[in-house]
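So the sequence lines, in the order shown, correspond to chains A and B.
Position 133 of the first sequence, counted from 1, bears residue number 133 in our numbering, the numbering being contiguous throughout.
Position 18 of the second sequence, counted from 1, bears residue number 18 in our numbering, the numbering being contiguous throughout.
Please keep in mind that the hints were generated in silico from the structure rather than gathered at the bench.
In silico BS3-like pairs for lysine-lysine, Cα to Cα no more than 30 angstroms straight-line:
hint, chain 1, residue 1, chain 2, residue 2
1, A, Lys-4, A, Lys-150
2, B, Lys-210, A, Lys-3
3, A, Lys-210, B, Lys-210
4, A, Lys-3, A, Lys-130
5, B, Lys-210, A, Lys-4
6, B, Lys-168, B, Lys-210
7, B, Lys-150, B, Lys-4
8, B, Lys-3, A, Lys-210
9, B, Lys-4, A, Lys-210
10, B, Lys-130, B, Lys-168
Covered, in the sense of this in silico footprint (three residues per stretch, anywhere, with C-beta under 8 angstroms from a C-beta of chain A), are these stretches of chain B:
hint, region
11, 3-17
12, 28-42
13, 46-54
14, 74-88
15, 196-202
If the Cβ cut is set under 7 angstroms, some of the chain A residues that face chain B in the computed set are:
hint, residue
16, Gly-14
17, His-22
18, Thr-25
19, Asp-32
20, Arg-33
21, His-53
22, Leu-54
23, Ala-70
24, Arg-71
25, Arg-74
26, Gly-75
27, Ser-200
28, Ala-202
Backbone N, C-alpha and C define an ideal beta-carbon position, used for all residues, glycine too.
There are 2 protein chains.
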Amino acid sequence: MAKKRVGVVLSGCGVYDGTEIHEATLTLYFLDRAGAQAIAMAPNIVQHHVIDHLLGAATSETRNVLVESARIARGQVRDVATVKANELDAIIIPGGFGAAKNLSTIAFDGPEAKTNPDVSRLILDMYQAKKPIGALCIAPAMLSKVLAGKGVTLTIGDDAGVAGAIQKMGNVHQESDFAGIVIDTPNRIVTTAAYMCAASIAEAGQGIEKLVAQILTMV
Amino acid sequence: MAKKRVGVVLSGCGVYDGTEIHEATLTLYFLDRAGAQAIAMAPNIVQHHVIDHLLGAATSETRNVLVESARIARGQVRDVATVKANELDAIIIPGGFGAAKNLSTIAFDGPEAKTNPDVSRLILDMYQAKKPIGALCIAPAMLSKVLAGKGVTLTIGDDAGVAGAIQKMGNVHQESDFAGIVIDTPNRIVTTAAYMCAASIAEAGQGIEKLVAQILTMV
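Using the sequences and the accompanying hints, generate a full structural model.
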């Protein structure tokens, strides 16, 4: 039987300016352990900014989202602009500020955010093809903007501000914690709070493990 | 009961010029899941070089090992120069070229390599205190140099060149694959091949999961 092909959308490498590394790595781990094929991808764009993760402050450096994402993917990462929905059985978007700063402008513009056109096109194609979509941590806020007005149900944990933004986008927020997943069965969307609520990597892993299993069940 | 405190020595962020991200993340995951406290640390030095992980080629950038390691540790990483062996119950060194280019010069100098003095001091103090030491992937070659002449038994998988270098350093190489661990009981050292042999993250995870469990048993 052919492996299930799951796109993993990266947004850089590091929680404050890119993909949350633990969330992405555990997603890849649980997918591979279940016998699925992960296909890592990212947009070929300049990062919004570079954060020194030791000091928590912006630096004067310039880094590229695709190039930095390649660190998480051990070099095997595709430009999302070249990926078509018919190559994938499902898609998962890990969190980290990259989802809110590089894949979208959620971190700055809330419900008025813009989203990356290539990522948005792929998500919309997956949605219209009724293929399952997973999102972790803050990534459901970006997903909510791409699917604005469709009334999809999502969780970003229990942050009232982000939950309110999701509702303003015409979607439904459901509270959850790190151990749970929220399943929107008709829309084939699965979300989990991960580090929006988790205090440690094993806590984040609880929801991510369930999300990956649920996505593969829905394929 | 107090948590077991396990130092995790990082060497940057990315397989080709720093810590192998999957190996480090899975080490942190298995430690946390087992109820241990991981204490991430790295030397505050400039990286040997920066590799574009998409192209596999060196760039003109300059990055700091401690600052980049903070990406894997979500900001919580200590300068290894400030860490004392009496703060730790055990130590684990993930792989990636950072262990062979930043923590040591193994990648360039083989058995004649130099090793970072702060990392070497901490490893030697742990060894003399009979506290367990774990190393993954290529990191056992660096460990072998720090413990040169002590006749410790290690694995880096089945690479004949690196195995020969370990023997030239006065230690013993034992072949293994990604699923196995090599335990040197009298010297309290546990090693696993990880991505030296593994073709995927779940394969690497097999040995890493066993190594973490073994290290915690030995504490």
